[in-house]
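Residue numbers (my numbering), protein chains in the order written: chain A, 1 to 409; chain B, 410 to 822.
Simulated from the structure, these hints should not be mistaken for laboratory data.
One should not assume that every hint holds.
Where chain A lies over chain B, by a calculated footprint (3+ residues, C-beta under 8 angstroms) [as the list claims (entries may be wrong)]:
no., stretch
1, 449-462
2, 542-550
3, 612-625
4, 682-690
5, 790-798
Straight line, CA to CA, 16 angstroms or less: simulated EDC-like cross-link-like pairs of lysine to aspartate or glutamate [as the list claims (entries may be wrong)]:
no., chain 1, residue 1, chain 2, residue 2
6, A, K121, A, E200
7, A, K88, A, E58
8, A, K143, A, E111
9, A, K88, A, D336
10, B, K492, B, D526
11, B, K799, A, D300
12, A, K124, A, E89
13, A, K45, A, D57
14, A, K145, B, D520
15, A, K143, B, E772
16, A, K143, B, E750
17, B, K492, B, D466
18, B, K799, A, E342
Ideal Cβ placement from N, Cα and C applies to all residues, glycine included.
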Amino acid sequence: MKSEALSHIRICDFTGQLAGAGATRWMAAFGAEIIRIEDPVRLGKWDVLRGTSPFVDERRGHEFGGCFNNHNVEKLGITLNLRTERGKELLTEIIAVSDAVTENFAAGVLERLGFGYDRLKEIKPDILYVSNCGFGHVGPYRKYKTWGPIVQACCGLTFTSGLPDMPSAGWGYSYMDHHGGNFMAMAIMAGLIHRSRTGEGQWIDMSCTDAGATMLGPAVLDYTANGRPLRRDGMPNSNRSQFPAMAPHGIYEADGHDSWLALAARDDRDWNAIAGLMAIDDRRFDDLAGRLAYEDELDDAVRRWTSALDRFEAAAELQTLGVPAAGVAKPVDRIDNDPNTEAWGLWPTVTHGEMGRVRVDGIPAHFSETDWVLECGGPLLGQHNRQILGGLLGYSDADLADLAAEGVI
Amino acid sequence: MAANELPGALAGIRVVELAGEASAYAGLLLAGMGAEVVVVEPSDGHHTRGFDPFLNDEPDPERSLWWWHYNASKLGVTLDLGKEDDRDRFRSLVATADVVLESERPGRLADLGIDHDTLRADHPELIWVSLTPFGRSGPRSQEESIDLTVLAAGGPVWSCGYDDHAIPPQRGGGNQGYQTGSIFAVLSVQTALLARDRTGQGQFVDVNMHAAANVTTEFGSVQWLVAGDEVQRQTGRHAAVEPTTFTRALSVDGIDVNTGFPPRSARDFSVVVEWMESLGLRDQFEEFFFLEMGAQLEEDLHLSQVGQDPEVTAMFGAAREAVRFIAQNITAYEFFIGAQERGLAVGIIYSPEEVLADPHFKERGFPVEVEHEDLGRSFTYVGAPYIAPKSPYRIRHRAPHVGEHNQILEALS
């Protein structure tokens, strides 16, 4: 069973890693036909995630990358050796029946393979081409190389996470690989909507650093309008609230190993509830101005209450009083022990041709009519050669045997 | 037509957005793509107009920079949904809309008789996107929640912080919990629009911020799902099952850089050798010999041999130290450009405002001037996430004043 939402869309897809594969992952979950093109000579490993950890068991190799499976669910995979003329011809045939071509190679790679935008347009005049790389295809840094942490550093996100007089803590994962992929999906669907209305294709140049920098708007305006940079004494101090001001607003020690509680007072009502529960009686904290002026002392007072308590029990007590609070969830807490993620179906199990049944990230939106479906794992190398080259393009099994023998697929 | 006059991809789509802290970014992105986004707020202004920072630190509903940023390109109307007359106007407005976007607490709009269930019969083509902290019906759907608690409960916080675990884990800045939810709300709108192209049918979409955070933590989730391993936070680098070594250096101008992954190939070793020599640092770096040895490699270093083979370990360690040593002896920008021009992937840790001053972002047209004719000047905003020449994303105009476009409501009656 497939979702019907995007079942009318076919994409010739060169994306890899997470920043690219994440884009077509969303579309595959909603039923788009995503045809991954992979290199049979290098066993598809230009996407290094094909062979890297985590692994389900002791088996290793290009069919066992746990992240590859996670990021490529519900996609089809075919092999084409683009060093050969026959491989290029087959790719041309696929492009001719696709709505979009997508890639996140370094800038210029697809053009060197002979499939730059001008060529794509020759093959299919209304093709949508969406490229995605760290700095985009225009600008002095277009050749620079990135991955998630480099993107996050250069777009301002890394700097926003950390404590005063300390190095940046940054994001402990490739946050902008996720959102690089999501913004790329946004760009693809915007291009498809434009095409369905006008009949016009285009080349959309997606840059992960641009996308990341759109996510820090108020801090930027505080500088451009008020001349106040985020790089200043005492900043950042990321567990405190930036905009709007709130205090207390932080992550506090709780009882147990590496155990933490997040809580905040949005207003005086929240504060009065917190103060009553924690028996904090200090007139300095009566209004927001006072709580901000004495925030260190305020945090100490809050910590005296939190540090003796289980993080989830303390959060539940605060929630009973209508105060926003949550234990800092470890992976086990939110994946295996959270009734809400379970009720949502957030960790669906897919079937992978070699790994078997594996849980993956679900989709954080449910549609009433055309909801997502995640059942098939990431494709094995060349798993859908017959379906695509045979079923879609019409080649016989004998043709496919010849192509394999000639090293084309 | 000049590119800056072209309509966006969502031209002709009307979105009615109930003003909300969490959904504001979704509305901004949809408006940037060319949708006509009508943001609905109470007659005395939405409470987010009270969010700082304010222009020149003067609190005023028309001077909140938070409101300016998140509501640029939108039209503004006022409706007091507690009043039946205004609820009727809201129903009439919805009748003109392709999409409703809201982040109200589950149940509030049903109590007012203006929820999707009530309105859907008359508008089967309507797309209604709800963005809530835990989704509309789960066991935690009535919890109190803000950006901080979304990120704490949803996984990101666990993975961010310092090597010293006596320091609390960190919540990165910029209300990314809300924004992550908003990004998925935008993807939902686009997906539902494409589906409607085919079927003619609208639908209801339930977007869950806690779920959104949960599925955007990379290894934090996948490592557990696949192998049952728990990642541990580390200073400035990926949370990991096994500790990894540093990627940070402090340059001479006091700005941090990310030193990336150490050289492993002969080419990269040669580059580092050349760079150190050109900076006159050769004699100050005791392990220079190992860099020269690396420059003679016939095959790339294998990570599996680091810690096993003494020579490989020495070369790998020297390379990492050498890159850091270079960074410590020049400015952060010199380091970033010097390394990248030599093909080494490193990053400069910019603060947000520094991004807009960078020549690359300027050449891409990323910083944009937005006219505030009411104040007689323009201000520089962050621009587009991508360049789409035929259907440009752009900021169309400043955020609306309270009730500035109420003529839209008058046109309904």
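Status of the hints after comparison with the structure:
1. 449-462: That given contact holds, which follows from 5 residues of the stretch 449-462 of chain B lying within Cβ reach (below 8 angstroms) of chain A.
2. 542-550: With 7 residues in contact (Cβ-Cβ under 8 angstroms with chain A), the coverage given for the stretch 542-550 of chain B holds.
3. 612-625: holds (count 13)
4. 682-690: Result for this restraint: violated, n = 0.
5. 790-798: It holds: at least three residues are needed, and the stretch 790-798 of chain B offers 9 whose Cβ sits within less than 8 angstroms of chain A.
6. K121(A) with E200(A): holds, 11 angstroms
7. K88(A) with E58(A): Violated: K88(A) and E58(A) sit about 37 angstroms apart, past 16 angstroms.
8. K143(A) with E111(A): Within the cut-off at roughly 14 angstroms; holds.
9. K88(A) with D336(A): Since the Cα atoms of K88(A) and D336(A) sit roughly 46 angstroms apart, the hinted pair is violated (cutoff 16 angstroms).
10. K492(B) with D526(B): violated, 20 angstroms
11. K799(B) with D300(A): violated, 55 angstroms
12. K124(A) with E89(A): This hinted pair holds, its Cα atoms lying about 14 angstroms apart.
13. K45(A) with D57(A): violated, 20 angstroms
14. K145(A) with D520(B): With a Cα-Cα distance of about 53 angstroms, the restraint between K145(A) and D520(B) is violated, given a limit of 16 angstroms.
15. K143(A) with E772(B): OK: K143(A) and E772(B) at ~14 angstroms, within 16 angstroms.
16. K143(A) with E750(B): holds, 8 angstroms
17. K492(B) with D466(B): violated, 34 angstroms
18. K799(B) with E342(A): Cα-Cα ~42 angstroms, so violated.
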